[in-house]
Amino acid sequence: MHGEVSEMAFFEMAKTAIKSLIHSPATIRYPFQPAKKTPISRGHVIVDASRCISCGTCQRKCPSQAILLNKEAKTWQIDRFRCIVCNSCVETCPVKCLVMDTQYTAPVTKKSVEIVTITYVKPPKPAPATAAAGGEAKT
Amino acid sequence: MKYEAQTTTLVEVGRLIGRVEQFRSDGCRLVQISATKNGEMYEINYSFDKDYKFENIRITIPIDQEVPSISGMYWGAFVYENEMHDLFGIQVKGINIDYKGNLIKTTIKYPFGAGAVLKGEKP
Amino acid sequence: MTQRIVIPFGPQHPVLPEPIHFDLVLEDEHVVEALPTIGYVHRGLERLIEKREYPEYVYIVERTCGICSFIHSLTYCQGIEQIMGIEVPERAHFLRTIWSEYSRLHSHLLWLGCFADGIGFENLFMGAWRIRESILDVLEQTTGGRVIQSSCKVGGVRRDISAEKLDQMARDLDGIQKEIADLTTVFLQDDSIRHRLKNVGVLSKDDAYHLGAVGPTARGSGVAIDIRQTGYAAYDKLHFEVVTENDGDCYARCAVRARELFTSIDLIKQAIAKIPEGPIDIKVTGAPNGEYFSRSEQPRGELVHYLRGNGTKFLARSRIRTPTLTNVPPLVKMLQGCELADVPVIILSIDPCIGCMER
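Residue numbers (this note's numbering), protein chains in the order written: chain Z, 156 to 294; chain D, 6 to 128; chain B, 3 to 361.
It is possible that some hints are incorrect.
With a straight-line Cα cutoff of 30 Å, these simulated DSS-like cross-link-like pairs (lysine-lysine) come out [what the hints assert, rightly or not]:
#1 B/53 / Z/251
#2 B/276 / B/180
#3 B/180 / Z/191
#4 B/239 / D/55
#5 B/239 / B/155
#6 Z/266 / Z/229
#7 B/53 / Z/266
#8 B/53 / B/155
#9 B/335 / D/55
#10 D/58 / B/207
#11 B/180 / B/271
#12 B/155 / Z/191
#13 D/110 / B/53
#14 Z/191 / Z/170
#15 B/271 / Z/174
#16 D/58 / B/239
#17 Z/251 / Z/216
#18 D/98 / D/114
#19 Z/251 / Z/266
#20 B/335 / B/207
#21 B/335 / D/58
#22 B/335 / B/200
#23 B/335 / D/98
#24 Z/229 / B/53
#25 B/335 / D/110
#26 B/53 / Z/265
#27 B/315 / B/335
#28 Z/251 / B/285
#29 D/42 / B/155
#30 B/271 / Z/170
#31 Z/192 / B/155
#32 Z/229 / Z/280
#33 B/271 / B/239
#34 B/180 / Z/216
#35 B/285 / B/315
#36 B/167 / Z/251
#37 B/271 / B/167
#38 B/155 / Z/251
#39 Z/192 / Z/251
#40 D/42 / D/58
Hints listed in this document are in silico derivations from the structure and should not be mistaken for laboratory results.
Looking at chain Z on its own, in the form it has when it is part of the complex (with noise of 0.2 Å):
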C-alpha cells in the first residue's frame, strides 16, 4: 500500500457521499425531537426532603462545594452552577434520598441558589421492655 504506485484512486469518497445524499439525516432535529439519553445519565441531582436525615455526608464529599447543609434551620441548598453531575453524593449517601435525574438543569439568565426545606421527622423511639427507662418521642 506504501510507496507502490495504485491506480489513480479518486473516488473512494463517492459511496460514502452517495448514501448520505439519498438516507435520512444522521443528527437528530433537536430541540423538535428530544436529545437521546439512556437511564444512567447523568443530568442533575434531585433530593427527597422527606428522608434526609441531615448528616452531611453528601457536602463532605461533594468534590466541587456545590451542596450546603443547615441544621438548625433544616435546609439543603445546591448551587446548580457548581454541580459537576459526578454522582458522588448519590453513592454515598447512607439514606438514598439523592437521585440522579436523567436531564440537564435548564440555562437561565441569573445564577441563584436552589434551596429545599427538610421535612424529615424522627420516628419515635419503641418503648423498651423494662419499666425502668420509659420511652422517649424525639423530634
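Given chain Z's structure and the hints, the job is docking chains D and B onto it.
Okay, now just chains D and B, sitting in the frame of chain Z:
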C-alpha cells in the same frame, strides 16, 4: 497487572552532567524533568527510559542555586527547563532556546514557588 | 540574501482545536525557524492538591482534558494504589481496559475528523464523526457521561457492565469495524489526500528517538514505543502488535492512527471474552505515603503522573506530564524547511492536546 520496578538515585549537582552523558551514550531517551517543592529545598527529578526500563535521578538544591542545563545532550529538554523556571523560579543556565520567563505567562510570577500566595490568604 | 519576515500563527486559527502560538520565520514561502509559545490555557491544576483530598482529586485529574479523560483518572488511581499497596480486583482491571480502548477509539476518530477538516475535506470529517457518535453512545450507556466518564476511583471502578451489555457491545463492534474499514480506505488510498500528505513534515527515526517523541508521532517514524507493552491494567493478559510505519511523514502518522483503530477493536473483543466475574472495587482507608511514577499510553503517547504522598490526606505533589509537551520539540524540528501552506497540516499531525499540556 504488572507494576514496573523503578529506581531513584540521588546525585549531586556537580555530577549531573556526567550522569546524563552516560545515559545519552547508553541510548536512553528523556522522559520528563519535574520539580517539587519540599519545605525550603527544591528537588528536581530527571527520568530516563530505555526498552521500558525506567530510571530516575534526583538533585536537591536551595532556591537560589543555579542548575546546569542538559539541553546540550537532549535538545528537547528546553521545554521542561523553561517551564520549571516559569513556574518555580529555578535558575537554569545554558538552555539552548531560552525564553527568559515568557513561555508561560501568569499574573503572579513563579506561582508554584516560594512566596506565591493563593487568593484570600495572607503571605 | 533573501529577506526574512516573521509571521505569527495562532493562538486563534481555524485549523487549531486549542490555542498555541508559533512565530514562523520565513524566507519567501519556506519556513526557516519556528518558535512555540504556550500558556494560553494554563489553569494551575496542580496546586489544587492542597485543597482537595486525594479521593476527590480524581475529579480534577479527569477534567484536565476532555478527550483523554478516562486515561488520566486511570493513571492517577493506579499511582495511588501502588503507593498504598492496594490490590484491585481483576474485573476492575478489565473494565478499565475496555473503557480505555473505547476512549482511544473516540480520540482517534475525532482526530481523523479534525485532520480531514484541516486539509479541507469536510465530507470526510462528518463521516468520521458520524462513527464517533456510536462510540459515544456506548460510553454514555455504560458510564452515564459522553466525554467525562467519572468511572474510575481509587480502589476500583464505580460502575459495572452486565454480561448482556458486554455481548451486545461485542456484536455492535462488528458493524462499527466495517464502517471504519470504509473510512480508512478513503484516508489511505485517496489520491488527493496522498498528494497532500506524502513527504510533508518528515521526522527521521534518530531525531524522533532523541528529541523525545512518543505515541503515533514516534511510531510513524519507525520507533516502536508503546507503554501498553509494560502490562499495566489488564494489558499483560491481552495480545496485540505495536503498529509502526517507516516513512516519518504526515501520511505515516495518519496511517498509524488509522491502523490502531483496528487494534483497539481487537483488544476490546479480547477483553470482553476474558473478563472474569467478581467484585469491582475494594474499600480504601488511610493515606498515601511514598512516591511513584505512574505511566500509561494515552491516544497521543506516553503519559506520566508523578505522585508523592506524605501520610496526610492531602498529597504533597502531583505532576502530570502529557505526551503533547514532549512532542513539541520534534514538531519544531519538523517545521524547519517546510512550506508555509503545510504548517497547519504538520501541527495537526502530532495531535496537539493543548488543554492537557498546560493543565
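| field | 30 Å Cα cutoff - pair residue 180 of chain B, residue 271 of chain B | value | holds (15 Å)
| Does the alpha-carbon distance linking residue 276 of chain B and residue 180 of chain B stay inside the 30 Å limit? | holds (23 Å)
| field | Agreement of residue 335 of chain B and residue 98 of chain D with the hint, judged by alpha carbon distance not exceeding 30 Å | value | Judged against 30 Å, a Cα distance of about 23 Å means the pair holds.
| If you draw a straight line from the CA of residue 266 of chain Z to the CA of residue 229 of chain Z, is it 30 Å or shorter? | Measuring from Cα to Cα gives roughly 23 Å; hence the hint holds.
| query | Is the Cα-Cα distance between residue 155 of chain B and residue 191 of chain Z 30 Å or less? | reply | holds (27 Å)
| request: Decide if the proposed pair is consistent with the structure: residue 53 of chain B and residue 266 of chain Z, CA atoms, cutoff 30 Å inclusive. | output: holds (25 Å)
| Given the hint that residue 285 of chain B pairs with residue 315 of chain B, does the C-alpha gap stay at or below 30 Å? | OK: residue 285 of chain B and residue 315 of chain B at ~16 Å, within 30 Å.
| request: Mind checking the alpha carbons of residue 335 of chain B and residue 207 of chain B for me, to see if they're no more than 30 Å apart? | output: With a Cα-Cα distance of about 13 Å, the restraint between residue 335 of chain B and residue 207 of chain B holds, given a limit of 30 Å.
| said: Tell me if the straight-line CA distance from residue 271 of chain B to residue 174 of chain Z falls inside 30 Å. | reply: Since the Cα atoms of residue 271 of chain B and residue 174 of chain Z sit roughly 29 Å apart, the hinted pair holds (cutoff 30 Å).
| field | Satisfaction of hint between residue 280 of chain Z and residue 229 of chain Z, Cα-Cα up to 30 Å | value | holds (21 Å)
| task | For the pair supplied as a hint, residue 251 of chain Z and residue 216 of chain Z, confirm whether the alpha-carbon distance does not exceed 30 Å. | result | holds (15 Å)
| Does the alpha-carbon distance linking residue 53 of chain B and residue 155 of chain B stay inside the 30 Å limit? | Holds, at roughly 18 Å.
Hint violations for this structure: numbers 27, 34, all remaining hints satisfied.
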